[in-house]
Amino acid sequence: METAKKHFFIDISVMLGRSMRHIFRSMDTIITVTVTPIAMMLLFVYVLGGAIETGTDNYVNYLLPGILLMAIASGISYTAFRLFTDVQRGIFERFQTMPISRSALLWGHVLTSLASNAISVVVIILVALIMGFRSSAGVLPWLAVAGILALFTLALTWVAAIAGLSAKTVDGASAFSYPLIFLPFISSAFVPTDSMPTVVRVFAENQPVTSIVESIRALLSDQPVGNDIWIALAWCVGIMLVAYIFAMRVYKKRV
Amino acid sequence: MKNTAIKVKGLQKSYKDLQVLKGVDFEVEKGSIFALLGSNGAGKTTVVKILTTLLKPDGGTAAVSGFDAASQPDQVRQTISLTGQFAAVDEILTARENLVMIAKLRYLKNPRQVADDLLQRFGLTDAADRRVSTYSGGMRRRLDIALSMVGKPQIIFLDEPTTGLDPEARIEVWKIVKELAAGGTTVLLTTQYLEEAEQLADKIAILHEGRIIASGTLQELKKMFPTTKVEYVEKQPSLEEIFLAIIGKREAV
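Note that the protein sequences, when read in sequence, are chains Y and F. Counting from 1, one number per residue, gives the positions in the first sequence under my numbering. Counting from 1, one number per residue, gives the positions in the second sequence under my numbering.
Take these hints with a grain of salt, some might be off.
Straight-line C-alpha distance at most 20 angstroms; calculated PhoX-like pairs for lysine-lysine [what the hints assert, rightly or not]:
(1) Y:168 with Y:252
(2) F:22 with F:7
(3) Y:253 with Y:168
(4) F:203 with F:30
(5) F:178 with F:152
(6) F:203 with F:223
(7) F:22 with F:9
(8) F:56 with F:104
(9) F:104 with Y:5
(10) F:109 with F:152
(11) Y:253 with F:56
(12) F:16 with Y:6
(13) F:7 with F:30
(14) F:16 with Y:253
(15) F:222 with F:7
(16) F:109 with Y:5
(17) F:30 with F:56
(18) Y:6 with F:104
(19) F:9 with F:30
(20) F:9 with F:203
(21) Y:252 with F:152
Label-pair ranges, simulated between beta-carbon atoms [to be verified]:
(22) Y:3 with F:72: 34 to 40 angstroms
(23) Y:20 with F:113: 22 to 28 angstroms
(24) Y:182 with F:167: 35 to 41 angstroms
(25) Y:36 with F:192: 43 to 49 angstroms
(26) F:167 with Y:242: 51 to 57 angstroms
(27) F:208 with Y:237: 42 to 48 angstroms
(28) Y:4 with F:175: 36 to 42 angstroms
(29) F:213 with Y:254: 31 to 37 angstroms
(30) Y:254 with F:22: 52 to 58 angstroms
(31) Y:254 with F:113: 30 to 36 angstroms
(32) F:168 with Y:242: 52 to 58 angstroms
Calculated from the structure, these hints are not laboratory results. Here the structure is a predicted model, which is why all the values come from computation and not from measurement. C-beta: ideal position from N, C-alpha, C; glycine also.
Whole structure, please, built from the sequences with the hints as guidance.
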């Protein structure tokens, strides 16, 4: 049992090393998951931001949480893509005929998703700091932010796993993420919801992104988080559990 | 009995309504090369997938190294390697990284050394640090087989190892397969090329419409068919012989 456990960790770390290499060797991935969100941030702060009334004096502070969520949403679409290509190509069969843990490949992709999204989040926050982002939050609120982002990443990663494992074409594997990337636009991520027409506003205020964005924003500006954080956690954990169960079911069918 | 590496009895498998295997029987001796010959869609890949624990049979038994492929897949996986129909290599990694990765997954002591040795043995040392996506079909296939050699499994499955390769690369693969068997590894390969089975195999089984319709050594198979007629025919060189002769001359110059 002990060796089985030890082997499981070796298997996963090899898989992690493998797909991290895939990321660093793919210009396309790096550009999509970091350069694009940074460009969005520049666009909104320096072009559109002047005309947006958020009630805060620093628009970067207001914008950052939404940008981070967009970066993660585009990051996990690559998890779906990598999983899809592995399953389609012979390498999946090679792994499955080796005496390694059955789920190592899947967990390797999940860990890769966490690690790579963490990197792009850190890079984006560094750029935001240069652009004038400031936070008065202490260590604990920052840890809470990291926790929420990690949960959000995990939840979407398992959704991506379902797409990657069950898609028939490459386009299908990553297309599911476009609505996710778009979701922050219809939330309080870029502008307060007050100005939106009723129908849109009701949607915006009740979809997961708004509660997540509001909690992160409150934590970073040292404000009371109120109920938002519980709603945000409920969304993340709920999506994660449901997606995990479905993804595992699809995966078991494949192996 | 101890000399049997693979024993297949009454193997059946259907995909929905389509019955692919209708009771397949054969045995493979340890250290021999066994060719499963058949046209496209004959069920060759299905047999390989069952033997390599990727698929469960609907009926019959498949014993690999003395373990049942369906109920003891972990034990079977300890003793085998699969080189599938599509090159099972990671194209974004280099050849060396591919080999090190597989060596680590087989928990070998010195993955770098294992990789170096296999790169040398398969003539890939010069290209070792290039990404596999830049490789030719033949190089990819060589790496593919090298990956299957990591950890020295007792049985290697090669599913159509030369399909899509040019004649030179095909001959290279043949050489490698012969060396494997000479080193004591049992090789089961599938092919649709008669010549390949003839060149390589100690024993040949012809799989047709889900059943083995003939099997034996090449000599035995020859005996089963109409007696040899003696005819005098001028032996024209085949296009392949011409091609190889020209290429050989070029390289000699």
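Going down the list of hints, with the structure as the test:
| no. | hint | result |
| --- | --- | --- |
| 1 | Y:168 with Y:252 | holds (17 angstroms) |
| 2 | F:22 with F:7 | holds (16 angstroms) |
| 3 | Y:253 with Y:168 | holds (15 angstroms) |
| 4 | F:203 with F:30 | holds (12 angstroms) |
| 5 | F:178 with F:152 | holds (15 angstroms) |
| 6 | F:203 with F:223 | holds (14 angstroms) |
| 7 | F:22 with F:9 | holds (11 angstroms) |
| 8 | F:56 with F:104 | violated (28 angstroms) |
| 9 | F:104 with Y:5 | holds (15 angstroms) |
| 10 | F:109 with F:152 | holds (13 angstroms) |
| 11 | Y:253 with F:56 | holds (12 angstroms) |
| 12 | F:16 with Y:6 | violated (40 angstroms) |
| 13 | F:7 with F:30 | holds (11 angstroms) |
| 14 | F:16 with Y:253 | holds (16 angstroms) |
| 15 | F:222 with F:7 | violated (24 angstroms) |
| 16 | F:109 with Y:5 | holds (18 angstroms) |
| 17 | F:30 with F:56 | violated (24 angstroms) |
| 18 | Y:6 with F:104 | holds (12 angstroms) |
| 19 | F:9 with F:30 | holds (17 angstroms) |
| 20 | F:9 with F:203 | holds (17 angstroms) |
| 21 | Y:252 with F:152 | violated (29 angstroms) |
| 22 | Y:3 with F:72: 34 to 40 angstroms | violated (18 angstroms) |
| 23 | Y:20 with F:113: 22 to 28 angstroms | holds (24 angstroms) |
| 24 | Y:182 with F:167: 35 to 41 angstroms | violated (53 angstroms) |
| 25 | Y:36 with F:192: 43 to 49 angstroms | holds (47 angstroms) |
| 26 | F:167 with Y:242: 51 to 57 angstroms | holds (54 angstroms) |
| 27 | F:208 with Y:237: 42 to 48 angstroms | violated (56 angstroms) |
| 28 | Y:4 with F:175: 36 to 42 angstroms | holds (39 angstroms) |
| 29 | F:213 with Y:254: 31 to 37 angstroms | holds (33 angstroms) |
| 30 | Y:254 with F:22: 52 to 58 angstroms | violated (26 angstroms) |
| 31 | Y:254 with F:113: 30 to 36 angstroms | holds (34 angstroms) |
| 32 | F:168 with Y:242: 52 to 58 angstroms | holds (54 angstroms) |
Figure legend: structure checked against the earlier numbered hints; hints not met, in rising order: 8, 12, 15, 17, 21, 22, 24, 27, 30.
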